[in-house]
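With these hints in hand, go ahead and build the complete structure from the sequences.
Each step along the first sequence adds one to the number in this note's numbering, with nothing skipped, and position 74 is 74.
Keep in mind that a hint or two might mislead.
Once the Cα atoms are required to be at most 27 Å apart in a straight line, the calculated BS3-like pairs of lysine-lysine come out as [stated by the list, open to error]: (1) Lys316 with Lys346; (2) Lys381 with Lys425; (3) Lys118 with Lys161; (4) Lys102 with Lys147; (5) Lys316 with Lys337; (6) Lys88 with Lys147; (7) Lys131 with Lys94; (8) Lys83 with Lys102; (9) Lys88 with Lys102; (10) Lys131 with Lys118; (11) Lys118 with Lys94; (12) Lys381 with Lys417; (13) Lys94 with Lys83; (14) Lys118 with Lys102; (15) Lys32 with Lys161; (16) Lys88 with Lys131; (17) Lys241 with Lys118; (18) Lys94 with Lys147; (19) Lys346 with Lys329; (20) Lys131 with Lys147; (21) Lys161 with Lys241; (22) Lys131 with Lys102; (23) Lys306 with Lys241; (24) Lys381 with Lys422; (25) Lys32 with Lys306; (26) Lys306 with Lys329; (27) Lys147 with Lys83; (28) Lys316 with Lys306; (29) Lys329 with Lys316.
Cβ pair distances, simulated, as ranges [what the hints assert, rightly or not]: (30) Pro149 with His275: 36 to 44 Å; (31) Lys337 with Ser274: 44 to 52 Å; (32) Asp45 with Ser274: 29 to 37 Å; (33) Ala34 with Ala332: 41 to 49 Å; (34) Lys88 with Glu110: 31 to 39 Å; (35) Asp278 with Ala332: 34 to 42 Å.
Keep in mind that the hints were calculated from the coordinates and are not lab data.
Please read these numbers as outputs of a predicted model, since none were measured by experiment.
In this text, a Cβ means the ideal position worked out from N, Cα and C, and glycines have one as well.
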Amino acid sequence: MTVRTRFAPSPTGFLHIGGARTALFSWAYARKHAGQFILRIEDTDVARSTPEAVQAILDGMAWLGLDWDEGPFYQMQRMDRYKEVIQKMLDEGKAYYCYSSKEELEALREYQMANQLKPRYDGRWRPEEGKALPAPPVDVQPVIRFKNPQTGVVSWDDLVKGTITISNEELDDLIIARADGTPTYNFCVVVDDWEMGITQVIRGDDHVNNTPRQINMLMALGAAIPQYAHLSMILGDDGQKLSKRHGAVSVMQYDDDGYLPQAVLNYLARLGWSHGDDEIFDMAQFCQWFDLDHITPSAAQFNTEKLNWLNAHYIKQLNGTDLVQDIEKRLALQQVKVAEQPVLAKAIDLYKERANTLNELANSIAYFYQLPETDAAALEKHITPDILPVMQALSVRLSEINWTAEQIHHEIETCVKQNGFKFPKVAMPLRVMLTGGAQSPSIDAVMAILGQQETISRIRRFIN
RNA sequence: GUCCCCAUCGUCUAGAGGCCUAGGACACCUCCCUUUCACGGAGGCGACCGGGGUUCGAAUCCCCGUGGGGACGCCA
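Okay, structure coming up:
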């Protein structure tokens, strides 16, 4: 049987890191088995769903490069089909009208909680043989409930967590259609997973408790039961649950923050899944290796430092020319305009080994295009009065040479020797004068890129 | 409260009864490289939640505790 997986977000917000990992695993499973990956938008909560959120999810998927084979399907466009199935269930006695008001149900819930019982519908409108139902009130629009089995257990072999068994006594008759006639989540999922032929449902483990209900409905419909894999949640950097208030950000935020999608993907793949000791791999490799047997059943804490390490790794893999457009954009956001000279790609190549993020990279080379502010401590430490005449003389010599890193190095070396200095005695003041700080790559390489005229002009700012 | 799930270094994890004196990665520390800072290289620190079983033998299997998480909506 062909593998068919799906990612089914509800468009009530952006695609966050947890959703992204769920999508990634579903996608990889389908790719691994040469199956199909389906995107389904669960937008039946009309009040909270927005077109912007749909777009945000699509954008997130696109940025990550998670492509789907079918869809996106929108549940709101499948209303007629859901209603058909509901009618069929009513006709077959598998579902029934319930006239309990929200207030009534609320009172029931409170009573049960107060008596240390699990809050659940008591079946007062559930038709049974020989049971007399109350007369339907005229002013209440009924909801429709699924007639859940009352005895026995539901059990499934979860691909991540192992066998899970839940007693039907724990379940109640859930609402499958609201008073206004619209079907609810648990019902739509069942119809869709069934009719879309989903073979493996890979989703967050907050759905574990929905699974027995869905299996019961699937069985009532005579549908095949898919396999289930429930992924544990991702905790924030501080071990706390991610929430809107706390650390849950759009995957697109990682783009803004200067992370490469390949780094985020690689990081997410290793969060809760492993392939021996392998840490660094691309998505082609991941799709070959991925399986559900090596998923950790416990929650995983997000670790930005490890993401940084991976991101730094992937930045190093790229060439300056690959990154020119991206870095230019990031510099522009900081009002730094990239002039034709120095050549941006060369500056990137010089700095890409020392950046964790593209934003850091952009920041670190901004001084090539914009006079840097000089760090006060570095200034005091390295640009001492005695060094100024040396710099003056050096600047004259520099104005007379061919502007190559070798020639520059030679000039600095000569200057060092003539004065009986060690190399840093000259290199450090140059660093501070040219870059504004005391850390930079090899100073002759910096100067070669900065340009002869600009180098000399920056040095001379400090003389007189 | 009821039900369900989870539990190896600070973090992500390897581990399917003997290969475990518990391995790798991030972070941290030391040293090397060096023109400063990085990169890179070599080392180091550091964990099986507790208690009972089962077994010749348990990180691995079972039970109980403890701790953490999830679910209990006319949300998804």
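For each hint, the structure was consulted:
1. In summary, the hint linking Lys316 to Lys346 is supported, as the alpha carbons are separated by about 14 Å, within the 27 Å threshold.
2. Restraint check for Lys381 and Lys425: satisfied, since their Cα atoms lie roughly 11 Å apart, inside the 27 Å limit.
3. Of the supplied pair hints, the one linking Lys118 and Lys161 holds, its CA atoms being roughly 24 Å apart against a limit of 27 Å.
4. In summary, the hint linking Lys102 to Lys147 is supported, as the alpha carbons are separated by about 19 Å, within the 27 Å threshold.
5. Note on Lys316 and Lys337: the hinted pairing holds, with a Cα-Cα distance of about 24 Å set against a maximum of 27 Å.
6. Distance hint between Lys88 and Lys147 is fulfilled; the C-alpha atoms sit about 13 Å from each other, no more than 27 Å.
7. A C-alpha spacing of about 16 Å is found between Lys131 and Lys94, which places the hinted pair at or below 27 Å, so the restraint holds.
8. A C-alpha spacing of about 22 Å is found between Lys83 and Lys102, which places the hinted pair at or below 27 Å, so the restraint holds.
9. Note on Lys88 and Lys102: the hinted pairing holds, with a Cα-Cα distance of about 26 Å set against a maximum of 27 Å.
10. Distance hint between Lys131 and Lys118 is fulfilled; the C-alpha atoms sit about 24 Å from each other, no more than 27 Å.
11. Between Lys118 and Lys94, the direct Cα distance comes to roughly 24 Å. Compliance with the 27 Å bound is thereby established for this hinted pair.
12. Simply put, Lys381 and Lys417 have alpha-carbon atoms about 22 Å apart, close enough for the 27 Å limit, and the pair holds.
13. Distance check on the hinted pair: Lys94 and Lys83 sit about 14 Å apart at the alpha-carbon level, within 27 Å; holds.
14. Between Lys118 and Lys102 the alpha-carbon distance is near 18 Å, which keeps this suggested pair within the 27 Å criterion.
15. For the suggested pair Lys32 and Lys161, the alpha carbons sit about 21 Å apart, so the restraint of at most 27 Å is met.
16. Of the supplied pair hints, the one linking Lys88 and Lys131 holds, its CA atoms being roughly 23 Å apart against a limit of 27 Å.
17. Taken as a hint, the Lys241 and Lys118 pair is honoured in the structure, with Cα atoms around 25 Å apart against an allowance of 27 Å.
18. Between Lys94 and Lys147, the direct Cα distance comes to roughly 5 Å. Compliance with the 27 Å bound is thereby established for this hinted pair.
19. Among the hinted pairs, Lys346 with Lys329 is consistent with the structure: their alpha-carbon atoms are about 16 Å apart, no more than 27 Å.
20. A distance of roughly 15 Å separates the Cα atoms of Lys131 and Lys147; the hinted pair therefore holds under the 27 Å criterion.
21. A C-alpha spacing of about 20 Å is found between Lys161 and Lys241, which places the hinted pair at or below 27 Å, so the restraint holds.
22. This hinted pair checks out: Lys131 and Lys102 have alpha carbons roughly 23 Å apart, not beyond 27 Å.
23. Between the alpha carbons of Lys306 and Lys241 the distance comes to roughly 19 Å, so the proposed pair stays at or under 27 Å and holds.
24. The suggested pairing of Lys381 with Lys422 holds, with an alpha-carbon distance near 16 Å, which does not exceed 27 Å.
25. With a C-alpha separation of about 26 Å, the suggested pair Lys32 and Lys306 falls inside the 27 Å cut-off, and the hint holds.
26. Restraint check for Lys306 and Lys329: satisfied, since their Cα atoms lie roughly 26 Å apart, inside the 27 Å limit.
27. The straight-line distance between the Cα atoms of Lys147 and Lys83 is roughly 16 Å, inside the 27 Å bound, and the hint therefore holds.
28. Between Lys316 and Lys306 the CA atoms are separated by roughly 15 Å; this keeps the pair inside 27 Å, and the hint holds.
29. With a CA separation close to 19 Å, the supplied pair Lys329 and Lys316 stays within the 27 Å bound.
30. For the pair Pro149 and His275, the beta carbons lie near 41 Å from each other, so the given range of 36 to 44 Å is met.
31. For Lys337 and Ser274, the hinted distance range of 44 to 52 Å is satisfied, since their beta carbons lie about 45 Å from each other.
32. Against the hinted window of 29 to 37 Å, the Cβ-Cβ separation of Asp45 and Ser274 comes to about 36 Å, which satisfies the hint.
33. At roughly 43 Å, the beta carbons of Ala34 and Ala332 sit within the given window of 41 to 49 Å.
34. At about 35 Å, the beta-carbon gap between Lys88 and Glu110 stays in the expected band of 31 to 39 Å.
35. Between Asp278 and Ala332 the CB atoms are about 38 Å apart, so this pair conforms to the stated range of 34 to 42 Å.
Taken one by one, the earlier hints all hold for this structure without exception.
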